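Use these hints to put chain E onto chain U, whose structure you have.
2 protein chains.
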Amino acid sequence: MWGAGHSLEPFWEKFPIHYKHEVFELLEEYRIGNLKIDKTKKKPVEEKVDFYREEPKRSSRLKVLSQKPFNAESPKELSAENLITPSELHFVRNHMPVPKIDPKSFKLSIMNDNNGKNIELSLEDLETKFESITIPVTIQCSGNKRKYMNEQNPVQGLQWDANAISTALWTGVRLRDVLIHCGFDLNDPRIRHVIFEGLDKDPSGSVYAASIPIEKVKDDNGEVLLAYKMNNQPIPLDNGYPLRALVPGIIGARSVKWLGKIILSEEESQSFWQLNDYKVLPPSVKNLKEADFKKLRAIQESPITSAICQPAEGNVVKRENGKFTAKGYAFSGGGNDVLNVLVSIDNGKNWKQAALHKFDSPLYKSWAWVLWECELDIPQDQDQIEVVCTATDSNQNTQPESISSIWNARGLLNNAWHKVKVKIE
Amino acid sequence: MWGAGHSLEPFWEKFPIHYKHEVFELLEEYRIGNLKIDKTKKKPVEEKVDFYREEPKRSSRLKVLSQKPFNAESPKELSAENLITPSELHFVRNHMPVPKIDPKSFKLSIMNDNNGKNIELSLEDLETKFESITIPVTIQCSGNKRKYMNEQNPVQGLQWDANAISTALWTGVRLRDVLIHCGFDLNDPRIRHVIFEGLDKDPSGSVYAASIPIEKVKDDNGEVLLAYKMNNQPIPLDNGYPLRALVPGIIGARSVKWLGKIILSEEESQSFWQLNDYKVLPPSVKNLKEADFKKLRAIQESPITSAICQPAEGNVVKRENGKFTAKGYAFSGGGNDVLNVLVSIDNGKNWKQAALHKFDSPLYKSWAWVLWECELDIPQDQDQIEVVCTATDSNQNTQPESISSIWNARGLLNNAWHKVKVKIE
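As you go down the protein sequences, you meet chains U and E in turn.
The opening residue of the first sequence carries number 1 in full-length UniProt numbering; numbering runs sequentially from there.
The opening residue of the second sequence carries number 1 in full-length UniProt numbering; numbering runs sequentially from there.
There could be a bad hint or two in this list.
Put simply, identical chains are the same to the list, so a pair is met inside one copy or across any two.
Said to hold, decoys possible - Distance condition first, Cα-Cα at most 30 Å in a straight line; then the derived DSSO-like pairs of lysine-lysine:
id, residue 1, residue 2
1, 218, 358
2, 104, 68
3, 218, 129
4, 279, 419
5, 218, 365
6, 349, 421
7, 421, 286
8, 349, 279
9, 286, 68
10, 349, 289
11, 349, 419
12, 358, 63
13, 419, 352
It should be emphasised that the hints constitute simulated quantities derived from the structure, not laboratory data.
Note that this is a predicted model, so its numbers are computed, not measured.
Looking at chain U on its own, in the form it has when it is part of the complex (with noise of 0.2 Å):
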């Protein structure tokens, strides 16, 4: 679509991550003919220019999905101990090269669509004239567990495991206190989306973007956040420095990175991926060419969910230990409490409940997953046994059993019971 008339080239060599026979077969089908190029008049060979030449280092504890753009997923043994993920090892979710922005010279745009009253702020200015609060939030990306929905049918997209998902303490201020200091009037009824802009670009120069519901940003219980700080220092640059939008609750595609321009608007943002992507088909469509994503709400919130980390899949107990301890995540999207785990190993005919360890937080504002953990005694008469759990959140929200009510083409929000087998010996 972006290339309608022109080379596809540049895209090609900025998103490598096409070159892959699903791709290929699927521009087959688009085959009108071949060009017969006229190697008299070709044209001297242009140097390639690698568009992510410019990427930062990053830690090799990370399990890598994809180089260009960069996608990895923190480490899965870290979600079963540390509440707090440490920056380098957050999970990644690079949609485009990662940009170059110097915080001097920085502006943030804010504008208002339906008049046109637009401001900007340095960096300095948001971080000397507003209240700021540190909080802790768990980002997951809206493709967390991909993969398990792809081992039931094939879906599109990053086939992340179960650790597109991190916690860091994020310092920032508020979206609304910033708004209502510039003299935007959050009462306007033409005012009903908020676009967040990156600075991170296509080669044709369109930027990343998504929007949230302006009643996120007025809500008192809301915490919708510019933030520039992670974990109390300056924001990696893959995690979005010097500016990110946060907002908590929410799945991690409308949480910004590299914010560059916030628009006040009637209408949501005209994005790819908030009108054709990030949104749940129903499982009667099985390919994404039947989809009507018009007719689909772009996902805001997240249901409750919850992973095993500790054992990892294939995981060797020991019997004579008689018992072993499983741990993980769970974590529900807008504000609600984790309440409780369960844990099973005879596929949920009995449960036992999970310790959990959690940050406290004000009610219906429990931004941040919690962590749980259940000894279990092994049987006797088996030599593998496969681990399950489930999670139930303050709305008294629970997973789904099986992926089948909830299986869509675009593979987002699997939240269906987790399960790991392990082997005992």
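Then chain E, alone, in the frame of chain U:
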């Protein structure tokens, strides 16, 4: 407990629902001996008073579960067709006799537990001094569909089928407006809960009571009402005449009927129904005697749920038509909208999307159910099919497939897939 040191008879007369096998069995364990009555000293027999002698007349179309106190479901077929339930067919959940209240002398008392501030308002004050709003609100008993949970493993409580849920147009004033107008300081950190006391009493004079967190009342998106009209008429006696609390998105138990008193408090209501009932026990607790209610949070918001109302269990559909139509409702608490209802006749292998009929409602303020309708093909080779439905809400939460992970000894919040067997002829 209530009877400690006193005669149990008055309670027995008031709650004849307890004249049943399980209760006698339970009490048998606590027998410490038999009183020998000296017949010469016997007091004259007091005339038995029927505490329920002045109950209102009720529609014969209600499906009665208990007469004293009166508990009845709305007719199932209604919930397939009517977004608004007629007042006389709204489900009824009474805990005690319906109190007789004179609207002319009626005063609502509101007090701040922390400083003793106390005010009184007449019905006329409420109806004339504040902005009134009329909104469609679904009230659901948290025991709705308990019958199906009981089939899995016995649970305590009224054996509700799927229609302890109804929707009416409720008119009232916002509790927040009233509290602010009357000079209560909602930002006082000592005010953490809002306690509602009814005027319905047990023989000892204790009233029905429940509470909600103050956040619900302060919430910009919240619409906690003091309601005095139902479907544009005075509220019927069974539904709380002349005034009731109405807490949209929260289980029915907190929308206290025959409201007499509101207390702003640091503690939640100390009533039995708040502290020792209406809480979801973990599935490992098979018996209420093992329950540690103190460790559990009182249920407030309810999870996503749905039900099939037509055809009903055992109904016959004609093969010659080739198709039949299933209908029902779906509802989610907390102001969450229902996005999608899926229907299957092969236990979830394949799903069809249902058409939805719903009220227009602002974002985060979907306080009412949606009705759904789905045309299904009759399979050639079966003379019986099972229809299954499940729904998704705007937090992308879905329903659990089975009762396995949500079973609880009080039989509350059964939101597992609803199933109905239909004969084909």
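Each hint, compared with the structure:
1. 218 / 358: Classified as both: same-chain Cα gap 27 Å, cross-chain 26 Å, threshold 30 Å.
2. 104 / 68: Within. Shortest intra-copy distance 28 Å satisfies the 30 Å Cα cut-off; inter-copy 75 Å does not.
3. 218 / 129: both (19 Å within a copy, 27 Å between copies)
4. 279 / 419: both (25 Å within a copy, 28 Å between copies)
5. 218 / 365: Both, since 14 Å and 14 Å are each at most 30 Å.
6. 349 / 421: both (17 Å within a copy, 24 Å between copies)
7. 421 / 286: Answer is both: 28 Å inside a copy and 28 Å across each meet the 30 Å cutoff.
8. 349 / 279: The answer is between: 22 Å across copies meets 30 Å, while 33 Å in one copy does not.
9. 286 / 68: within (28 Å within a copy, 53 Å between copies)
10. 349 / 289: Between. Shortest inter-copy distance 22 Å satisfies the 30 Å Cα cut-off; intra-copy 40 Å does not.
11. 349 / 419: both (14 Å within a copy, 20 Å between copies)
12. 358 / 63: within (25 Å within a copy, 45 Å between copies)
13. 419 / 352: both (15 Å within a copy, 27 Å between copies)
The earlier numbered hints are all upheld by this structure, with none contradicted.
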